[in-house]
Amino acid sequence: MKKISRIIGGFAIMIITWQLIFQFGHYNQALFPSPQGVVKGFKELMTQGVLVDDIYDSMIRFLIGYSISVVLGITLGLILGWFRGIWGFINPIVQVLRPISPMAWLPFIVLWFGIGDIPAIVIIFIAAFFPILLSTVSAVGNVDQTYLKIAKNFGIKQPQILTKIILPATFPNIATGLHLALGTAWVFLVAGEMVGAQTGLGFLIIDARNNLRADMLMAAMIVIGVLGLLLDSLIRLLEQRIYKRWGIVANERSAS
Amino acid sequence: MYIEVKNVSREYTQKGTTFKALDKVNLNIARGEFICLLGPSGCGKTTLLNSLAGFEQVTEGSIKIDGAEVKEPSIKNVTIFQNYGLLPWRTVQKNVELGLESKGMAKQEIQDIADKYIDIVGLTAFKKHHPYQLSGGMQQRVAIARALAVDPDIIFMDEPFGALDALTRMKMQDEISAICKNQQKTIIFVTHDIDESVFLADRIVIMTPNPGKIKTIVKVDLCGTRDRTSTDFLKVRDWVFAEFEMKEKDQIDYFI
Numbered sequence: 003m004k005k006i007s008r009i010i011g012g013f014a015i016m017i018i019t020w021q022l023i024f025q026f027g028h029y030n031q032a033l034f035p036s037p038q039g040v041v042k043g044f045k046e047l048m049t050q051g052v053l054v055d056d057i058y059d060s061m062i063r064f065l066i067g068y069s070i071s072v073v074l075g076i077t078l079g080l081i082l083g084w085f086r087g088i089w090g091f092i093n094p095i096v097q098v099l100r101p102i103s104p105m106a107w108l109p110f111i112v113l114w115f116g117i118g119d120i121p122a123i124v125i126i127f128i129a130a131f132f133p134i135l136l137s138t139v140s141a142v143g144n145v146d147q148t149y150l151k152i153a154k155n156f157g158i159k160q161p162q163i164l165t166k167i168i169l170p171a172t173f174p175n176i177a178t179g180l181h182l183a184l185g186t187a188w189v190f191l192v193a194g195e196m197v198g199a200q201t202g203l204g205f206l207i208i209d210a211r212n213n214l215r216a217d218m219l220m221a222a223m224i225v226i227g228v229l230g231l232l233l234d235s236l237i238r239l240l241e242q243r244i245y246k247r248w249g250i251v252a253n254e255r256s257a258s
Numbered sequence: 008m009y010i011e012v013k014n015v016s017r018e019y020t021q022k023g024t025t026f027k028a029l030d031k032v033n034l035n036i037a038r039g040e041f042i043c044l045l046g047p048s049g050c051g052k053t054t055l056l057n058s059l060a061g062f063e064q065v066t067e068g069s070i071k072i073d074g075a076e077v078k079e080p081s082i083k084n085v086t087i088f089q090n091y092g093l094l095p096w097r098t099v100q101k102n103v104e105l106g107l108e109s110k111g112m113a114k115q116e117i118q119d120i121a122d123k124y125i126d127i128v129g130l131t132a133f134k135k136h137h138p139y140q141l142s143g144g145m146q147q148r149v150a151i152a153r154a155l156a157v158d159p160d161i162i163f164m165d166e167p168f169g170a171l172d173a174l175t176r177m178k179m180q181d182e183i184s185a186i187c188k189n190q191q192k193t194i195i196f197v198t199h200d201i202d203e204s205v206f207l208a209d210r211i212v213i214m215t216p217n218p219g220k221i222k223t224i225v226k227v228d229l230c231g232t233r234d235r236t237s238t239d240f241l242k243v244r245d246w247v248f249a250e251f252e253m254k255e256k257d258q259i260d261y262f263i
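Each protein sequence line maps, in turn, to chains A and B.
So the first sequence is residues 3 to 258, counted in my numbering.
So the second sequence is residues 8 to 263, counted in my numbering.
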């Protein structure tokens, strides 16, 4: 209850401040929209049907890009984490690729795949892939040696050691990586769609700018923020469910 | 002899200095014996146990079990660890089934065997629980059930009750000694608790550190269920204390 009242309170303060700045700043509506203006813009987007379509397109792209990242990142992470010798060769390459913003790949991606769904999907994939890969590799390195001794003792062989022991043992750490990657990927979805797509929330931003509709621009931004928050809550819920199923008490992890 | 340890030495090299964990250890163990390896930390008792179990290789000498050189862990000789080594993401039932899964048995058969051993350790009511929901003593009983379930010839125990409080520990000693009598297993049990070794062992192997070697072997001639407060028990206990030079030998009264 206390938490909910704080959330409402926080937003109330923000909206009031926004309104006051608008009221006393005498800004042009096209440069700085009022809260009511944004609500109006939001309604307009809804009645035109563009917003729902754009959200749908963005979500589909996000789902595809993120899922490929999760599957590939965890699988490769488990294998490379297990075969440390190979990781020794791959790690330097990853460390060079990782700091490159996914956006830097965009010209190539557009040249290779054209405009449409694929650039955004690839951008999301790149954004999410490295955090997932790295957290998985490091988690494999930190697996309790006792588990490995037990696996050996009970005659458990590869690939069962990876699926039965390593994957579940590393899951809490991998889940943290998944959570991190989700946030990063969502940020880059919008960036990817601003350049490489003709639909989606990122395109909506660009479209609003081109039409000088600051109210719609702000509305789209708010939608992006709220959806990001929803996705984050969703994965947190999933994370906690899996912790419970794994029998791990989530204490400090859920505190953030 | 069933287990033959011949002239075994184990050296570790750390930052240029060599450390001798075991120095020319000789030990023979008969089938069905309950052996306690007793000594202070650093006496090599855990190293000896790990070498017997196949987790570590010796630098000199040989260890043979049933005539065959020990090279790697085998499902015929199961180790129980101090921190229980339960997989936290599996229920009690699933933990006990772990060792049976690689044996190529039918699902029903695996379940029946697991049920039987969960019943033996008295945890039938808890078989759907996860390890974190159990007390330390209960967790160790799950580990014992898991070890017994694969019907091993030898059970190695590395200070299995070290993390338990004094009363639970005594209760577990009672249980393990009863279970062992019924199951007829050879048991090698590492401990630094003198009372524990006198209560459990057929023979106590007393080890001393720097370098780790066997000082002497005390045969415990106490038949049937042992009474921790009987004069016979205290006599053996005094004898072991004397071996550690914590009690003058001539202070011990000998009644026959």
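The set of hints was computed from the structure by calculation and includes no laboratory data.
Worth double-checking, as some hints may not be accurate.
[Said to hold, decoys possible] On the chain A side, residues computed to face chain B include the following (Cβ under 7 Å):
| # | residue |
| --- | --- |
| 1 | Phe44 |
| 2 | Ile152 |
| 3 | Asn155 |
| 4 | Gln160 |
| 5 | Pro170 |
Idealized CB from N, CA, C, for every residue including glycine.
Against the structure, the hints come out as follows:
1. For Phe44 (chain A), the interface hint is violated, the least distance from its beta-carbon to any beta-carbon of chain B being 44 Å, above 7 Å.
2. Given the 7 Å rule on beta carbons, the hint for Ile152 (chain A) holds: about 5 Å separates it from the nearest Cβ of chain B.
3. For Asn155 (chain A), the shortest C-beta to C-beta distance to chain B is roughly 5 Å, which falls under 7 Å, so the interface hint holds.
4. With 7 Å as the threshold, the beta carbon of Gln160 (chain A) stays out of range of chain B, its nearest partner Cβ sitting at about 12 Å, so the hint is violated.
5. The interface hint given for Pro170 (chain A) holds, since its Cβ lies 4 Å from the closest Cβ of chain B, which is under the 7 Å cut-off.
In this structure, the earlier hints numbered 1, 4 are contradicted, and the remaining ones agree with it.
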